[in-house]
Amino acid sequence: MTQLTQSLTSIPCACHGGQGDGAGPDSPTIALVGAPNTGKSTLFNSLTGQRVTMGNWPGTTVEVSRGIWCLNRTGCDQVGCECCVTSGSAGESDPEVWTTTLVDLPGAYSLDPQSPDEELTRALLLDVADEEKPDVVVVLADAYRLAHSLYLVSQIREHPLRVVVALTMVDIAQAREIELDTRALSKAMGVQVVAIDPRRRQGLEKLAQAVQKELHKAVPAPRRIRSLSESIALIGADGTGEIDSFALEEDRFAWIQEVVSAGSRSVNGYKPSFSDRVDRVVTAPVIGPLIFLAVMWVVFQLTTAVAAPLQDFLDWFFTGPLTDWALAGFAAIGLGGSVLEGFVVNGLIAGVGTLLTFVPLMAIMFVLLALLEDSGYLARAALVADRLMRMLGLPGKAFLPFIVGFGCNVPGIAATRILSHASQRVLTSLLVPFTACTARLTVFVMIGTIFFGPFAGTAVFAMYVISIVIVVLGGLLLRKTLWRDLVDEPLIIDLPPYQRPTLRLTASVTWLRLKGFLQTASGIIVVTVAIVWALQSIPTQPGVAFGETSVGDSAYGVAAKAITPVFEPTGFATWETTSTMVVGFVAKEAVISSWAQTYALDEPEADDQPGELGARVYSDFNESSGGHPIPAALAFMVFLLAYTPCVATLAAQVREIGWKWTLFGVAMQLVFAYVLSVGVFQIGRLLI
Amino acid sequence: MGLVGNVHRLQVKANLSDVAPIRLKDAPLREELILSHGQAAPALKRRLATLGLRNGCTFQLLMKTASGGRIALVGESRIALGPQMLSQLQYRLPEAK
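Protein chains in written order, with this note's numbering: chain A, 15 to 702; chain B, 13 to 109.
Incorrect hints may appear among the rest.
[To be verified] Derived contacts from chain A toward chain B, CB cut-off under 7 Å, selection only:
1. 302
2. 401
3. 509
[Said to hold, decoys possible] Lysine-lysine pairs mimicking BS3-like chemistry, simulated, CA-CA at most 25 Å apart:
4. B:76 / A:285
5. B:37 / A:285
6. A:674 / A:529
Derived by calculation from the structure, the hints in this document are not laboratory data. Beta carbons: idealized from backbone N, C-alpha and C, even for Gly.
Could you put together the complete structure from these sequences and hints?
Spelled out as structure tokens, the structure:
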């Protein structure tokens with residue numbers, strides 16, 4: 015069971031971007047509960063005007079979000095919901111003006127936890143003190159498959175909680191000719207039942223009225239169920255001699271059957287739905303994987319090809335006009351060449367520029383993720399790729415972060431959010447940095463051109479193959495060591511019906527995720543860039559001013575020289591090369607410019623035309639490897655592929671899996687990179 | 013109703029007790045089937061039950077999927093089952109009316 019460290023009233027507020035207190039400690043707390051895909055997060059967004067994670071993928075709501083819901087102003091479409099600020103709380107002079115705290119709990123099929131998300135939902139609903147329990151629980155249920163949703167309702171009704179059932183997906187029920195009678199359902203369940211459509215913001219006022227009415231009532235007595243012993247006795251009396259371990263649950267299923275019979279009627283039997291017709295194609299044994307690969311290819315192309323020019327523009331803007339304006343500004347006020355100028359230009363502007371160049375990439379990635387989730391295709395993709403990913407103990411949908419990772423590791427890490435189990439997210443986040451992103455590609459092309467001539471393409475391709483091998487081996491190693499108890503669960507996926515993605519939902523999900531990335535990554539990236547600049551500016555020679563030292567004589571250069579002997583067994587132990595790897599920590603594509611800066615040469619105009627820089631690099635590798643430059647170059651490429659990812663990737667990792675696992679990942683990658691590069695060089699020099 | 017439901021289900025079990033269960037991976041498509049959880053782990057049984065795939069329930073397998081799985085139709089829900097799951101579950105054909 016999850017160690018409950020926070021109650022509903024102590025969860026950070028999702029609204030207004032901070033650690034707010036929701037509607038205040040004296041306000042009623044309303045919990046939204048329901049199975050994944052019932053529209054819970056969309057409803058939360060509609061009621062609070064806040065932006066939280068939403069989507070059409072089971073387990074999307076992996077965080078507990080909190081916001082303010084004004085019961086009397088439900089339907090107000092103001093983002094930020096300023097009306098709530100002026101409204102009172104329950105018990106104040108105007109009883110109709112109620113401000114409540116709305117909490118969006120993780121998706122759960124039942125109160126018998128099968129995942130960390132479900133554990134948390136159960137804990138926040140039941141395993142807290144009475145005063146910490148929600149004042150009203152709004153349980154969302156799919157109207158088109160009531161029986162499926164009512165198991166959770168039946169369990170919640172077994173506890174002393176005020177409950178309102180909100181029926182969603184009524185339009186799908188109508189399309190499938192399922193007739194619903196909310197009054198009969200309400201009578202059968204003993205709770206208020208309201209039909210709503212969160213995507214179109216319909217029925218929300220009725221829901222608010224139902225909740226307000228519920229708040230006036232006393233807490234109801236739990237629904238009585240037979241005890242386990244009674245159930246066992248009942249079954250035993252039948253004479254079969256079989257004691258069903260699910261005897262206790264039979265009562266719930268019987269109750270569900272009663273409710274469904276009382277309040278819904280399917281006019282026709284099974285007719286293939288639109289989703290069934292699409293699924294016949296997209297999940298089929300041969301065409302399904304081909305469609306899946308085509309979708310992944312489109313995702314990869316859009317996140318790289320479309321984002322690239324936008325990234326180039328931002329890079330140009332920050333390193334060109336903005337830097338020039340800043341330099342001119344400092345010169346105009348007499349601070350040209352000062353430490354402050356260096357800090358602003360090389361620290362702040364360079365750091366913010368690095369951060370913002372990722373924005374187009376991340377935005378495109380998040381839009382695509384939202385579309386895949388909201389449309390319902392991601393569930394099918396998980397199904398198609400399941401067998402492949404199962405080798406690593408991961409579900410099929412984990413394929414997506416790896417594919418995206420080959421474009422850029424940063425959105426690849428962010429894409430791990432589609433995984434519903436924390437252990438799967440951690441494992442995938444640790445493996446994604448081993449995928450050869452396009453930033454590394456630029457360095458691979460240059461090294462390949464310098465050392466392998468006409469075989470440069472083959473060398474670069476080999477890096478991609480090695481990348482995949484490292485991901486697989488790394489995954490197997492981690493599974494055999496840290497995740498030995500990672501259960502290889504058989505695949506069971508609740509397939510949501512296909513839906514047309516909505517612009518509002520896609521935009522809000524994208525903005526939420528982008529905002530989260532920027533909030534987490536901005537500090538880490540800017541500070542790291544500033545630190546590297548500062549180290550390159552600190553002189554180690556007496557009489558040299560700050561910012562006027564050469565790279566080799568800076569603190570940065572001295573540190574690089576100090577660690578260089580460690581790389582003797584790799585064949586590329588020169589301080590010029592080891593220092594580029596520190597810069598590569600900031601951004602992998604900066605390795606080439608760092609070399610040029612270190613050798614005091616112009617950066618080559620194209621990666622495949624290294625010119626004089628190529629000659630210097632070749633010469634250094636030849637010398638450091640004792641006449642075996644080819645194995646040393648291969649070892650360097652492998653090291654570059656496997657070692658610590660760039661700072662933006664680390665920032666994304668911190669956001670998704672926390673500092674502890676991020677630092678573990680850094681250490682693991684350094685060890686992997688070192689061992690592999692030593693192996694490549696030592697074996698290679700015997701052969702070449 | 014709970015009592016009636018239990019007794020009815022157990023009667024169905026008793027009537028079919030002499031019919032050997034067949035692994036679900038060998039089940040025909042688009043035919044009414046009666047599910048038996050077989051030797052599946054309790055947690056999986058519970059997960060299946062909450063998705064509507066209860067022991068003794070009537071369902072259909074709609075289609076085969078890539079990776080060797082099937083999509084099951086139970087009520088209005090479509091549940092994808094992987095090959096490992098299929099090999100753990102069993103089915104019986106309902107009695108002819």
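Comparing the hints with the structure gives:
1. Taking 7 Å as the C-beta cut-off, the interface hint given for residue 302 (chain A) holds, the closest approach to chain B being about 4 Å.
2. The interface hint given for residue 401 (chain A) holds, since its Cβ lies 4 Å from the closest Cβ of chain B, which is under the 7 Å cut-off.
3. Checking residue 509 (chain A) against chain B by beta carbon gives a least distance of about 4 Å; that is within 7 Å, so the hint holds.
4. Restraint check: the Cα-Cα separation between residue 76 (chain B) and residue 285 (chain A) comes to about 18 Å, which is no more than 25 Å; the hinted pair holds.
5. Under the criterion of a C-alpha separation no larger than 25 Å, the hint pairing residue 37 (chain B) with residue 285 (chain A) is consistent with the structure, at around 24 Å.
6. At roughly 23 Å between alpha-carbon atoms, residue 674 (chain A) and residue 529 (chain A) fall within 25 Å of each other, so this suggested pair holds.
Checked against the numbered hints given earlier, this structure breaks none of them.
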